[in-house]
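Protein chains in written order, with this note's numbering: chain D, 1 to 128; chain G, 1 to 128; chain W, 1 to 128; chain Y, 1 to 128.
It is worth saying that the hints were derived from the structure and are not from the lab. Careful: at least some of the hints might be erroneous.
It does not matter which identical chain is used: a pair holds within one copy or between any two.
SDA-like mimics (lysine to any residue), calculated; alpha carbons at most 20 Å apart, straight line [stated by the list, open to error]:
(1) Lys98 - Asn71
(2) Lys7 - Lys98
(3) Lys98 - Phe10
(4) Lys12 - Val46
(5) Lys12 - Thr84
(6) Lys8 - Glu122
(7) Lys67 - Val103
(8) Lys89 - Gly75
(9) Lys105 - His11
(10) Lys58 - Asp16
(11) Lys58 - Tyr9
(12) Lys98 - Ile64
(13) Lys58 - Ile72
(14) Lys94 - Tyr9
(15) Lys89 - Asp115
(16) Lys94 - Lys105
(17) Lys67 - Leu118
(18) Lys7 - Glu122
(19) Lys12 - Leu114
(20) Lys67 - Asn117
(21) Lys58 - Asp78
4 protein chains.
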Amino acid sequence: MSFDPAKKYFHKDVTDRERAAFEAGIALGMVIHQFTGIPLRRREDVKILEQVIENAVKAQPFKIDAKVSINIDLGNTDEPYEYTTLKTKNMDVKITVKYGRAVVKAALRHIDELDYNLAYIEEIREEE
Amino acid sequence: MSFDPAKKYFHKDVTDRERAAFEAGIALGMVIHQFTGIPLRRREDVKILEQVIENAVKAQPFKIDAKVSINIDLGNTDEPYEYTTLKTKNMDVKITVKYGRAVVKAALRHIDELDYNLAYIEEIREEE
Amino acid sequence: MSFDPAKKYFHKDVTDRERAAFEAGIALGMVIHQFTGIPLRRREDVKILEQVIENAVKAQPFKIDAKVSINIDLGNTDEPYEYTTLKTKNMDVKITVKYGRAVVKAALRHIDELDYNLAYIEEIREEE
Amino acid sequence: MSFDPAKKYFHKDVTDRERAAFEAGIALGMVIHQFTGIPLRRREDVKILEQVIENAVKAQPFKIDAKVSINIDLGNTDEPYEYTTLKTKNMDVKITVKYGRAVVKAALRHIDELDYNLAYIEEIREEE
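Please take these sequences and the hints and turn them into a complete structure.
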């Protein structure tokens, strides 16, 4: 099978860099909308969730790396209602997409200046 | 703090068994609607996701135990589009709620006869 | 078909009130974990989303009524990053479950005193 | 305010076409992971959900159009367990992103040949 059996569905003018940017967007949209809302109580819950999010990114096509760091205040773990839930602003995510020779590194983090959880492209290039 | 600072918001006629049944329903509704859709490619992804779901259940009030088993066929992990995503029918979940002296054990699994992912109560009792 | 083909999967000691409480919990767990995160920009977006949430509750078994009110500040709709996303604390939900002769009215709303989005039972009774 | 206060967070080499492709990916990742799982029973539920998904896409930055069509078999609406839930394969989505002079039209639909819900770029161009 060719390296991308779905390539023929894309417009022929889409460059590898554009495709890699598109794939990076899909991955970050997935992270935001799939994982926010998960209840968290203990520090161990946080560590293992970071791995699950990384695995989910890497499960999808052309995502070759992912690093997730969750920055969250946990409550007093002995009180029934003092747990928290994952919010997008708690996540610091970096992913790498490789499509053909194009590489895109993209990130998701809360930008205080914008008061916005921004998904953005940190690096885009074509390998030699 | 009393064992349940939210008790006063519930109608006074709600028994401990009824409250435990309510809490069990919340937990299973959470599992279904929070976790389905997560991309999965490798067997290790599945094992760690089971733990994350168990942790999420136990993070919420009065859930004292959770056991999650995901039964899923993974594709050929080398092909880009041959991964899968978690579906409700892949989950076999058992949770235990304890509220006051009431204990409820509830489950979620696909029932072939109904062709339905059924959340149901397997055991309900009041401890001596 | 009997009124509940799934009844045999429940423990025989589960009363109709307990079952109704369980179903109410499932519905509110679904609302919290399915809908939080939806992007919203215009007042019309909010109104129609309230209806979609009500429909989703009523689609599931034994939920006979649902009323959803979303209380949310929308930003300046002309600036690209000034939209918002639905959070659980924005929702004021009331649902009614009827199972056999048992009726449960349950609610979800942010309780300031607890700083918690509480799902609770407002009324539970058996019809004559 | 400039048309994009977040532009400075992106690498300077990112073209408008690449940015538009990235934004299209975010939108389709959001659609897949936010909306699948919603319970549906009546034809009216489906119609209004299509609008909510369109509104959600258009709420986010630089998405200027969205068209969602849900193709789904509803069960016998009188039986308690015969409703359905939205799956990604039921969705036929077309979105348009405009960033600067770049326009991207992207789609999400189930591709039988791949047995995959493919997000892809149908058109990419720079306006005169």
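These are the hints, each one checked on the structure:
Taking the closest pair of Cα atoms, Lys98 and Asn71 never come within 20 Å of each other, the shortest separation being 27 Å inside a single copy and 31 Å across copies. Taking the closest pair of Cα atoms, Lys7 and Lys98 come within 20 Å of each other only inside a single copy of the chain (14 Å); across copies the shortest separation is 23 Å, beyond that limit. Taking the shortest alpha-carbon separations for Lys98 and Phe10, both the intra-copy value of 17 Å and the inter-copy value of 18 Å come in at or below 20 Å. In this assembly of identical chains, the alpha carbons of Lys12 and Val46 never lie at most 20 Å apart, being 42 Å within a copy and 34 Å across copies at closest.
For a Cα distance limit of 20 Å, the shortest separation of Lys12 from Thr84 qualifies neither inside one copy, at 46 Å, nor across copies, at 28 Å. Proximity of Lys8 to Glu122 under the C-alpha cut-off of 20 Å is restricted to the inter-copy arrangement: shortest distance 10 Å between copies versus 28 Å within a copy. Proximity of Lys67 and Val103 under a CA criterion of 20 Å is satisfied intra-copy only: 16 Å inside one chain copy versus 31 Å between copies. Taking the shortest Cα distances, Lys89 and Gly75 sit within 20 Å of each other both inside one copy (17 Å) and across copies (18 Å).
Taking the shortest Cα distances, Lys105 and His11 sit within 20 Å of each other only across copies (10 Å), while inside one copy they are farther apart (23 Å). Within a single copy, Lys58 and Asp16 get their C-alpha atoms as close as 19 Å, which meets the 20 Å cut-off; across copies the closest is 26 Å, which misses it. Taking identical chains as interchangeable, the C-alpha atoms of Lys58 and Tyr9 are never at most 20 Å apart, the minima being 22 Å within one chain and 24 Å between chains. Within a single copy, Lys98 and Ile64 get their C-alpha atoms as close as 7 Å, which meets the 20 Å cut-off; across copies the closest is 28 Å, which misses it.
For a Cα distance limit of 20 Å, the shortest separation of Lys58 from Ile72 across copies, 18 Å, qualifies, whereas the shortest one inside one copy, 23 Å, does not. For a Cα distance limit of 20 Å, the shortest separation of Lys94 from Tyr9 across copies, 14 Å, qualifies, whereas the shortest one inside one copy, 28 Å, does not. Taking identical chains as interchangeable, the C-alpha atoms of Lys89 and Asp115 lie at most 20 Å apart whether they share a chain (9 Å) or sit on different chains (19 Å). With identical chains, the CA atoms of Lys94 and Lys105 are at most 20 Å apart within one copy only, with a shortest distance of 7 Å there and 26 Å across copies.
Taking identical chains as interchangeable, the C-alpha atoms of Lys67 and Leu118 lie at most 20 Å apart only when both belong to the same chain, with a minimum of 16 Å there against 25 Å between chains. In the homo-oligomer, the alpha carbons of Lys7 and Glu122 lie at most 20 Å apart only across protomers (11 Å), although the nearest pairing inside one protomer, at 25 Å, exceeds that limit. Taking the closest pair of Cα atoms, Lys12 and Leu114 come within 20 Å of each other only across two copies (19 Å); inside a single copy the shortest separation is 36 Å, beyond that limit. In this assembly of identical chains, the alpha carbons of Lys67 and Asn117 lie at most 20 Å apart only when taken from the same copy (17 Å versus 25 Å across copies).
In the homo-oligomer, the alpha carbons of Lys58 and Asp78 lie at most 20 Å apart only across protomers (12 Å), although the nearest pairing inside one protomer, at 35 Å, exceeds that limit.
Checked against the numbered hints above, the structure breaks hints 1, 4, 5, 11 and satisfies the rest.
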